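Position 115, counted from 1, in the sequence shown is what our numbering calls 115; the numbers after and before it change by one each time, with no gaps.
One should not assume that every hint holds.
[What the hints assert, rightly or not] Cβ pair distances, simulated, as ranges:
| no. | residue 1 | residue 2 | range |
| --- | --- | --- | --- |
| 1 | E165 | A321 | 19 to 27 angstroms |
| 2 | A49 | P290 | 20 to 28 angstroms |
| 3 | A49 | P131 | 20 to 28 angstroms |
| 4 | P290 | E26 | 15 to 23 angstroms |
| 5 | A97 | A178 | 32 to 40 angstroms |
| 6 | L117 | A298 | 19 to 27 angstroms |
| 7 | D50 | E165 | 50 to 58 angstroms |
| 8 | A27 | T119 | 17 to 25 angstroms |
| 9 | D162 | E237 | 45 to 53 angstroms |
| 10 | A192 | T101 | 37 to 45 angstroms |
What the hints contain is simulated information worked out from the structure, not anything from laboratory work. Everything numeric in this text was worked out from a predicted model, so none of it was measured. All C-beta atoms in this analysis are idealised placements derived from N, C-alpha and C, irrespective of residue type, glycine included.
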Amino acid sequence: MSSEFHRPVLVREVCEALVPALVRAEAPVFVDATCGGAGHTLAVLAAYADARPEGPGLRAIALDRDEEALAEARQRLPAEVELVHSSFGRLPEVLDAAGVTAATAILADLGVSSHQLDTGARGFSFQVDAPLDMRMDPSRGVPASQLLADISVAELTQVLRDYGEESDAARIATAIVAVRPTTTGVLAKVVAAAMSAPQRRKLGLRIHPATRTFQALRIRVNDELGELDRLLSAAPERLQVGGRLGIITFHSLEDRATKQRFTALTRAEQPPPGLPIAARDLPRPRFVVPAGWRQGAAPGDAEVAANPRSRSSRLRVLERALP
């Protein structure tokens with residue numbers, strides 16, 4: 001497989017965010033919850049080795065729901081890296097099976113891999129006419145074609161609104177259900193024909209009319225927001241004290257959910273009003289956003305020029321507070 005299986009985004013920023021926690025730990029454990037082509041894992045391993053050449057060995061666990069990604073990772077990663085076929089929503093089970101009570105650093109890159117987008121047969125892209133699949137784990141779940149074969153107009157309208165933020169959701173859903181496409185090319189044509197002229201003008205020439213529909217269906221097929229919710233609930237609690245969680249988002253739904261969860265976790269419980277408590281005894285938050293990471297990190301112009309798919313990415317970081 002090619003070294004361009006997947007081009008990771010924000011690699012420098014990921015290392016700047018997570019490696020300091022690994023360097024501080026006595027027995028560091030790094031978990032890449034979305035291994036992909038192993039780009040982030042390789043970068044973190046190298047940065048840790050440079051920062052702490054005489055330190056303890058770094059235990060690394062890499063998981064992915066896509067077995068093709070794991071096959072690529074096996075070719076690129078050192079043998080001691082532990083690879084697991086799993087979605088990141090099952091992180092607690094993965095850590096329990098590995099005997100890891102708490103990790104030092106956890107990373108989740110929520111983007112679709114370059115390999116998935118560029119392999120027409122996977123059905124993620126409208127650039128090539130192929131069977132409409134869209135499953136990140138082809139061994140599980142229902143392909144998009146089967147979803148469209150059974151879904152009602154009302155339910156599909158809700159999917160397009162909730163997951164694609166599509167203004168023309170109702171008219172596009174009506175057109176799709178009338179045809180019930182089974183290939184990416186037919187779906188793209190149906191959406192383009194159904195979209196209203198004002199919405200097409202808003203998108204302009206650079207954005208295909210079917211972009212938001214494909215995003216919405218992909219999110220629905222893979223339960224991406226459900227997976228993210230499970231990760232956001234579990235991952236912070238599985239950090240060591242001083243450990244860090246990094247999440248790379250690619251669209252507003254993911255970023256909003258991540259930001260809201262991080263904000264909630266960094267608020268301390270408030271005592272009842274009027275209770276005489278000294279300032280030094282007030283409850284402290286169990287989690288903090290590290291200094292310099294409050295707004296997260298976005299790719300610079302050079303990265304966007306080299307990898308246009310990185311344009312919408314953003315890294316957000318959370319740290320388990322010291323007692």
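Practice task
Take a look at whether the Cβ-Cβ distance between D50 and E165 falls inside 50 to 58 angstroms.
Solution key: Since D50 and E165 have Cβ atoms about 42 angstroms apart, the given range 50 to 58 angstroms is violated.
Practice task
Determine whether the Cβ-Cβ distance between P290 and E26 falls within the hinted range of 15 to 23 angstroms.
Solution key: Given range 15 to 23 angstroms: holds, Cβ gap about 20 angstroms.
Exercise for the section: Take the C-beta atom of A27 and the C-beta atom of T119, compute their distance, and say whether it sits inside 17 to 25 angstroms. Expected result: 39 angstroms, violated
Handout entry: Satisfaction of the hinted span 45 to 53 angstroms by the C-beta atoms belonging to D162 and E237
Key = Between D162 and E237, where Cβ atoms are some 27 angstroms apart, the hint is violated.
Handout entry: Range agreement (Cβ of A321 with Cβ of E165, hint 19 to 27 angstroms)
Key = For A321 against E165, whose Cβ atoms are near 34 angstroms apart, the range 19 to 27 angstroms is violated.
Exercise for the section: Determine whether the Cβ-Cβ distance between A97 and A178 falls within the hinted range of 32 to 40 angstroms. Expected result: 47 angstroms, violated
Handout entry: Pairwise beta carbon distance, A49 to P131, judged against the given window 20 to 28 angstroms
Key = At roughly 43 angstroms between Cβ atoms, P131 and A49 fall outside 20 to 28 angstroms, so the hint is violated.
Handout entry: Supplied distance hint 37 to 45 angstroms, evaluated on CB atoms of A192 and T101
Key = Violated, at about 51 angstroms.
Handout entry: Cβ distance range 20 to 28 angstroms for A49 and P290, holds or violated
Key = Given a distance of about 22 angstroms, which is inside 20 to 28 angstroms, the answer is holds.
Exercise for the section: Confirm or reject the claim that L117 and A298 have a C-beta distance inside 19 to 27 angstroms. Expected result: Between L117 and A298, where Cβ atoms are some 20 angstroms apart, the hint holds.
The structure fails to meet hints 1, 3, 5, 7, 8, 9, 10 from the earlier list, while all remaining hints are met.
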